[in-house]
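Novice: Chains as they are written, first to last, in our numbering: chain A, 50 to 317; chain B, 535 to 671.
No lab work stands behind these hints, which were simulated from the structure alone. From a predicted model like this one, the values you see are computed outputs, not experimental measurements. Quick reminder that beta carbons are idealized off the backbone N, C-alpha and C, glycines included. There's no promise every hint is true.
[As the list claims (entries may be wrong)] Stretches of chain B that chain A covers, calculated by requiring three or more beta carbons in the stretch to come under 8 angstroms of a beta carbon on chain A:
1. 567 to 580
2. 586 to 600
3. 616 to 630
4. 634 to 640
5. 661 to 667
[What the hints assert, rightly or not] Label pairs and their calculated CB-CB ranges:
6. B/P610 to A/P88: 18 to 24 angstroms
7. A/V174 to B/L619: 28 to 34 angstroms
8. B/G618 to A/G79: 16 to 22 angstroms
9. A/E311 to B/V570: 51 to 57 angstroms
[To be verified] Chain A regions said to be covered by chain B (calculated; three or more residues, Cβ under 8 angstroms):
10. 87 to 95
11. 122 to 135
12. 138 to 145
13. 243 to 253
14. 306 to 313
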Amino acid sequence: MLLRRLITVSVLIVFIVLTSYTITALNVLGELPPRGLRPLALWFLNTSITPWLNYFSAMAPETVTAIVWDYRGLDTLFETAVFYFAIIASIALFRGIEEKRGGGYVGLSKIVRVVSRVLLPINIVVAASIAIHGTITPGGGFQAGSAMAVAPLILIIVFSRFFLKEKGLSKNLLIALRGAGLVGIGVASILALALGLLSGGYSFIFQNQPKEAAPTGLPPDVLGFPIAGTLFIFNICEFIAVFAGFTIIFILLSIPEDVAREALHGEH
Amino acid sequence: MASIDLYMFTFSIIVISMIVNLAVSLYGVLVKPNIVKKIISLTILGDSANTFAILVGYRATYPVSPPVQLNVPPSPSDVSQLTGLSVDPLPQALVLTAIVIGLAVNVFLIFLAIQIYRLYGTLNMREIARVKGGQHE
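With the rest of the complex left out, here is chain B (with noise of 0.2 angstroms):
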């Protein structure tokens, strides 16, 4: 029973390490002014995201396998074997959806900061809005 309860609690460690993650990341996209920062605070956000989302379709038992069928052709109790250990297979296969979806923004958004940093000099979004005040004045 007390190993259950210490199981739990470095689970519930780890749920709440995450959780933190993702405010400090959700910070630094809101309120750092510099883009760079942002965009490095916006990729930790979607990477906390997918590990949660994967520790969601973990499974607490042991022995615990990836969803890989070995035997092929598989034979019902190959099935029911698999079934019996494997992880939750639709995290992952989620994640690898968001992982390339994710990978596409940053792209785009760190091909902008570029853009951004060669007409302005800056990527300060503070200073950006003022220089961009400037010339509307």
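Only chain A is shown next, with the shape it has when bound in the complex (with noise of 0.2 angstroms):
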């Protein structure tokens, strides 16, 4: 057992020292901390909002965001696939557990449910805005989702989860929710595409800007507000659909123990 542990200790600090070494001393990941910008950087600041270079450029004043979704975004699509097919997953582990309303929960001290009805507006207001101001600043859909899912976790610990089902946000209209947001995904994605074809050109999926060979594309810009084209679609829609996967995942998770193990052994 010493003998174990003292292998595991100094595979540890060997592994530790070598790669040190290789990055500290040898630079193998460049100059650390860098001075300049890497060519492809360069590329991305270059071109995310450059109206004279439009071919190119994705049009967005977030270079982080122009990236996510118009240079890079058959991988970001692929991502949220991912995330759904984790939900999807912790659905069908979690099958067939459901709970009857009983008495007994009723939600934590008037004062706490006071200050989180004022609160959850607050709350949907900076979520809503991170999503909608998500061409222009930092932030966008999946970190808007995020902000946005603290409102049902919050109503759940607060007001019980019975609450959440009462109000209409069942777990499957969360489920029918999340799969409207991938659905909206996948049309904005077509969008230039189907929008391409019936003026008779050529054009490409994923496509946002018009391209010198696929001239359709998206306004950058509606009524002065910078939307970057299908970005602003993007960032809505991967909003709904986050908000929706976490919330069906607090809900998940707040199932009593003593349910779902009376579930479980029904099933045997």
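Hints are included, so try docking the two chains, each in its own frame, into the full complex.
Specialist: Rendered as structure tokens:
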């Protein structure tokens, strides 16, 4: 046992020493911290919003959003799909566990409930603001959805998990919302393609702004607000999808243990 | 010169502390028998890697700005000013993707852990192996 522990600690120390030496002394990751920018970063910063180079530009003032949903859009689509599959798998694991409403839990004290009622609208407004301003400020669909998911979490703890259901936010509705968000992302990814085909020209999947051989694109701004074409739609749909996904997880995790055990052992 | 050396020394300390973090979390994932501790170690591993990616994308100049164009529509001088001040946006975008995927994996692992606890009454991997082994004998 002692020998085993000794070997483990030695391996860890060797790992730390070798990795530290290669990164700090041999500079395998390049100069750290870098003083300049890598050529790829220069390309992204130079083209994220450049109206005079519109065939290369994503027309989004926020470069990270431009990379996430335009330059690397397909990557993000599959990332959303991974999250979706994780939620589906979690629902499948917890299948058949449904709790009937009993007496018992009536939520936290009145002070907490009143304060929550005041704070929740602010939370929702902030989340919506992060989603809507995703193209011009740091943030976007995922961050907004995470912020918005705090609201149902507070509702579950402060009021009870039945409160959400009584207000109409059931698990099935949330699964539908999650699906709707994903469908929205799917539609936005082929929007320019559909427009291009209808106008008889060329265009491609995940196209946002016009390209040299595919002149169809979506407007970079609406009434002076930079929406960066499809990026605004992606952010809003991702916001809905992530909010619904998180809420499903919180609802499933709030099922009392004795109810789940009863359902599980009933199956066997 | 001395100040640059101090700067590099501090930076090296940060890098090494992150590598120690990685090593400790690897230890947790590989050696600890409790599934919850394994999951916690896995999140620390992911977060350390993400922080390291952000650090690689940082820029050792002053002043430094986030990769956001504030003047819309920008002029060529605005764009060159942004490229002169901004940090690398690509690691931030990749880390955002990594966070979402890490979150998805963690959600699934947590649900699996709860299910394992309900079925076996323990989260200790060695105990579970023993119980399962006993069933097959």
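Novice: Using a Cβ cutoff of 8 angstroms, are there at least 3 residues of the region 616 to 630 of chain B near chain A, or does the coverage claim fail?
Specialist: holds (count 9)
Novice: Residue count check for the region 634 to 640 of chain B against chain A: does it reach three with CB-CB under 8 angstroms?
Specialist: holds (count 5)
Novice: Holds or violated: the region 243 to 253 of chain A covered by chain B, criterion of 3 or more residues with Cβ-Cβ distance under 8 angstroms?
Specialist: violated (count 0)
Novice: Are three or more residues of the region 586 to 600 of chain B within 8 angstroms, CB to CB, of chain A?
Specialist: holds (count 8)
Novice: Could one say that the CB atoms of B/P610 and A/P88 fall in the range 18 to 24 angstroms?
Specialist: holds, 19 angstroms
Novice: Taking a Cβ-Cβ distance under 8 angstroms as contact, does the region 306 to 313 of chain A have three or more residues in contact with chain B?
Specialist: Holds: 4 residues of the region 306 to 313 of chain A have a Cβ under 8 angstroms from chain B.
Novice: Can you tell me if the region 567 to 580 of chain B counts as covered by chain A, using C-beta to C-beta distances under 8 angstroms and a minimum of three residues?
Specialist: violated (count 0)
Novice: How does the Cβ-Cβ distance of B/G618 and A/G79 compare with 16 to 22 angstroms: does it lie in that range?
Specialist: With Cβ atoms ~19 angstroms apart, the hint holds.
Novice: Confirm or reject the coverage of the region 138 to 145 of chain A by chain B under the rule of 3 or more residues with a beta carbon closer than 8 angstroms to the chain's beta carbons.
Specialist: holds (count 4)
Novice: Quick check: the region 661 to 667 of chain B, covered by chain A? Criterion 3+ residues, Cβ under 8 angstroms.
Specialist: The restraint on the region 661 to 667 of chain B is violated, since only 0 of its residues have a Cβ under 8 angstroms from chain A and three are required.
Novice: Would you say the C-beta atoms of A/V174 and B/L619 sit inside 28 to 34 angstroms of each other?
Specialist: Check passed, 31 angstroms falls within 28 to 34 angstroms.
Novice: Between A/E311 and B/V570, does the C-beta distance stay in 51 to 57 angstroms?
Specialist: violated, 23 angstroms
Hints 1, 5, 9 and 13 from the earlier list are contradicted by this structure; the remaining hints agree with it.
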